[in-house]
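2 protein chains.
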Amino acid sequence: MKKNVLIIGAGGVAQVVAHKCAQHNDILGDLAIASRSIDKCEQIIASVQEKNSLKVPGKLTSHALNALDVEATKALIRETDSQIVINVGSAFINMSVLQACIETGAAYLDTAIHEEPNKICETPPWYNNYEWQRRELCKQQGVTAILGVGFDPGVVNAYAALAANEYFDSIDSIDIIDVNAGSHGRYFATNFDPEINFREFTGQVWSWQNRQWTSNTMFEVKRTDDLPVVGEQTTYMTGHDEVHSLSQNLDVPNVRFWMGFGEHYINVFTVLKNLGLLSEQPVTTAEGLEVVPLKVVKAVLPDPASLAPNYTGKTCIGDIVKGQKDGQDKEVFIYNVADHKDAYNEVGSQGISYTAGVPPVAAAILIARGDWDVAEMVNVEQLPPQPFLGLLNEMGLPTRIRDEQGDRALNF
Amino acid sequence: MKKNVLIIGAGGVAQVVAHKCAQHNDILGDLAIASRSIDKCEQIIASVQEKNSLKVPGKLTSHALNALDVEATKALIRETDSQIVINVGSAFINMSVLQACIETGAAYLDTAIHEEPNKICETPPWYNNYEWQRRELCKQQGVTAILGVGFDPGVVNAYAALAANEYFDSIDSIDIIDVNAGSHGRYFATNFDPEINFREFTGQVWSWQNRQWTSNTMFEVKRTDDLPVVGEQTTYMTGHDEVHSLSQNLDVPNVRFWMGFGEHYINVFTVLKNLGLLSEQPVTTAEGLEVVPLKVVKAVLPDPASLAPNYTGKTCIGDIVKGQKDGQDKEVFIYNVADHKDAYNEVGSQGISYTAGVPPVAAAILIARGDWDVAEMVNVEQLPPQPFLGLLNEMGLPTRIRDEQGDRALNF
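These protein sequence lines map, in sequence, to chains A and B. For the first sequence, the tail end lands on 412 under the working numbering, and the numbers increase by one without skipping. For the second sequence, the tail end lands on 412 under the working numbering, and the numbers increase by one without skipping.
Honestly, I wouldn't trust all of these hints.
Pairs count within a copy or across copies, as identical chains cannot be separated in the list.
Derived pair list, reagent style DSBU-like, types lysine-lysine, alpha-carbon separation capped at 35 Å [as the list claims (entries may be wrong)]:
1) 341 with 3
2) 325 with 314
3) 139 with 74
4) 119 with 295
Bear in mind the hints are in silico, worked out from the structure with no lab data behind them.
So that you can see chain A by itself, here it is in the shape it has in the complex:
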């Protein structure tokens, strides 16, 4: 039984996390929000208050924090008496926040893999390069650390575990499909931090095929599926966190991730990439100023949080799983459909932030209740999926399944 949550980060996902924690503060206790910019924390608190999201009267505080500073992070964990830390800040701070949790005993949750600013697309499996190097230490210290517990990675890992546990005797392939069929009405924008977004696509595309790491380039391999609600959609094989844990934790020969892109997105991306504007390596201007092009691209693009008020349409994210059950070939699609407008009305964020921000709160509730307080470092597929997906059914991200019996809601 743990309580009191420290949320690190103050972007669109943090806003969802704050609202959802507030909606469950009877279980989660005090809430603290920390980021480099205390103003952004206070804006989130104002939004939580405006929407009356707190279930019961409780503490909700803002804090300025450089989360790369382990000592400062430890001090804040202790000052706020937080036993659960939800890290939804930049992907560059994972290892320092994790270290602070290990040293204070707080449970650690994040939604994306650690990255170093000057490195892109390192050797697979990516978790081996950073987080998993602390696995033994977490076990020794009895620290609960749940890695990648957003939607993808996160919920899709739970879908994979559910498929493996309930629907298949053996699995041939897991293809994770992520389609955003929404429209933000701007010339171009990314749905989360442009820096992290583009970094996903500029390196090699790693997939797990025939039990081997396979490398492709972005937009080299595509597929088209007829998906529930959003219809026929083309997606492209993309490097993504969950491939790097599912391939190691499940006995599945093929794990691939596919993301949907429109032609306009691909054109803009291609121009920027070919010009070198998505590079994480600094260039020097004629005036002698050293600058990372990708950071300038980020600076000119819309703040993803600013898209929320006018975002319409739906997302569809799920796992196409193929394998055998009772000697028969079988295929299921386990998925969620979320609506941008509904998300905005509930928590003031768009659907992409919503799908990423609700799951870590569900996980925090499971830690608070004890179900998932496992005293070690795990990826989501290593945990029982039912309590998690059951909570998400109630919290706004219901699970559905499409198989030979049709398309229906899944209850747990």
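The hints should help you fit chain B onto chain A, whose structure is shown.
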């Protein structure tokens, strides 16, 4: 009679100017090259020596200069005993170099209009905002200043003057067509300083139509012409320097400038512009660094000078002039075709730099000889075109004409 030339700037155009000055140093005397980077000056000198471009033994020196510093520029003019200054540096330095010339009595030549870094596309006619404010002072001091004496502006202004003097009683329209049908083999590059290049296209497109300034947006108005050598070409109405002097100096109701662009160029430009990456106004990165996006784009694009070795194909630049002669409607196209490979073989630069760099040297020779040493500030159309075009016929940029009598070389 003036002699000794100071070349300011050390880019691709300066390289052409240096070679061409060297080829005529019997008339022009000592040559000095100055830029912020003395290394680039020395590379040009090495190229001049490598190709044995000096006609007679003579001085050729390099100098580090911040040309925004009027006193330093005056000192260098005096130190090098230069009576002619060819300014082919950035468009931001025109006014300070001009001031240094006025205060030392040196003749001033440039190839592009003055610009302020933080302003784009000011009120027409552009020359009124900067250079022409020194017109009276030049006259009082007897200083020769020939503005915009590259190819366009420059040679095309002489073509317009020639048409007005020789081929028409009255002119209805001058349409200046600039087509680069060459290929550099790179994903994307600009043919001269990307910063200046893009600034031409991000503001309003000013044209002179029915004796009024008319505003359009870039790529809004296009035309297609069947041109000599390069064939059928689509060009787009573009704001350009020469429209701003020809409209004031010639009695012509319509003066327009048209530049050729391929679909790929337009796509890249459109993406960059719509994202805000061509802005001359600084943005602030998440890390707090203030940076001008356009300068970062410039930093990632190929150095235009680096395109020269692999550049193939031809340019076609000229004036389509329509009007009346002896009571008859008449149309002529006065033009030049230049070859990228020929330019590289002669002076180590590509064709765009060649067409821009040869004309100011021809003008310098005319000043040295006295023909164009007019002791006042003028644009090229205010000078007799024949000696200029005659020299260019010998110097590598021959003039041709296409009219009702066919397509032929023009001799002067």
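Flag every earlier hint the structure violates by its number, smallest first. none
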